[in-house]
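J.: Each number in my numbering corresponds to the 1-based position in the sequence shown with 147 added.
Don't read these hints as lab results, they were simulated from the structure.
This structure is a prediction, so every number in the text was calculated from the model and none was measured.
Be a bit skeptical, because a hint or two may be false.
Ranges between beta-carbon positions, derived for each pair [to be verified]:
no.	residue 1	residue 2	range
1	Gly172	Leu258	35 to 45 Å
2	Thr205	Val177	32 to 42 Å
3	Arg215	Glu180	36 to 46 Å
4	Trp244	Pro203	41 to 51 Å
5	Leu184	Glu160	32 to 42 Å
6	Ala175	Gly155	20 to 30 Å
7	Gly185	Arg208	37 to 47 Å
8	Leu184	Asp211	19 to 29 Å
9	Leu181	Thr220	27 to 37 Å
10	Glu204	Val177	18 to 28 Å
11	Asp211	Ser239	35 to 45 Å
12	Ile187	Ser166	19 to 29 Å
13	Arg158	Ile217	31 to 41 Å
Note that the Cβ used here is the ideal one computed from N, Cα and C, for glycine as well.
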Amino acid sequence: MTSGQIHGAMRGEVAYATSKAALAGVTATVAAELLELGIILNTVNPGPVNTGYMDPETTDRSLDELDRYIQSTPFGRVGTPEDPAELIGWLSSAGSWVVGQVLTTDGGFGL
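All chains should be built: construct the whole structure from the sequences, respecting the hints.
T.: Encoded structure:
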């Protein structure tokens, strides 16, 4: 899993952006190395997915700011863990022809 920093800046998150950009950057090279072993590698950029960090009781952001942010997304919501899981499930079966790609499944957030 990578992150949306490959599509734009995220101020104050240099270390995080660096680690995620590294994953996206080496995807094709590592996929080429693993393919001869029968291992298919892709990287998924899930976009904003609430894994608990946006819940009112656990967020470090103001609830008003968080609500405005969520309402500004194309579908008026952020992703759930099930959203990128659908793509990962497909890649694990029917998507086996897809190799060495960075795939974004962000509900249009990056548009």
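J.: Compare the structure with each hint and give your call.
T.: Each hint, compared with the structure:
no.: 1; hint: Gly172 - Leu258: 35 to 45 Å; result: violated (23 Å)
no.: 2; hint: Thr205 - Val177: 32 to 42 Å; result: holds (33 Å)
no.: 3; hint: Arg215 - Glu180: 36 to 46 Å; result: holds (44 Å)
no.: 4; hint: Trp244 - Pro203: 41 to 51 Å; result: holds (42 Å)
no.: 5; hint: Leu184 - Glu160: 32 to 42 Å; result: holds (34 Å)
no.: 6; hint: Ala175 - Gly155: 20 to 30 Å; result: holds (21 Å)
no.: 7; hint: Gly185 - Arg208: 37 to 47 Å; result: holds (43 Å)
no.: 8; hint: Leu184 - Asp211: 19 to 29 Å; result: violated (50 Å)
no.: 9; hint: Leu181 - Thr220: 27 to 37 Å; result: holds (34 Å)
no.: 10; hint: Glu204 - Val177: 18 to 28 Å; result: violated (38 Å)
no.: 11; hint: Asp211 - Ser239: 35 to 45 Å; result: holds (40 Å)
no.: 12; hint: Ile187 - Ser166: 19 to 29 Å; result: holds (23 Å)
no.: 13; hint: Arg158 - Ile217: 31 to 41 Å; result: violated (19 Å)
The structure shown violates the earlier hints numbered 1, 8, 10, 13.
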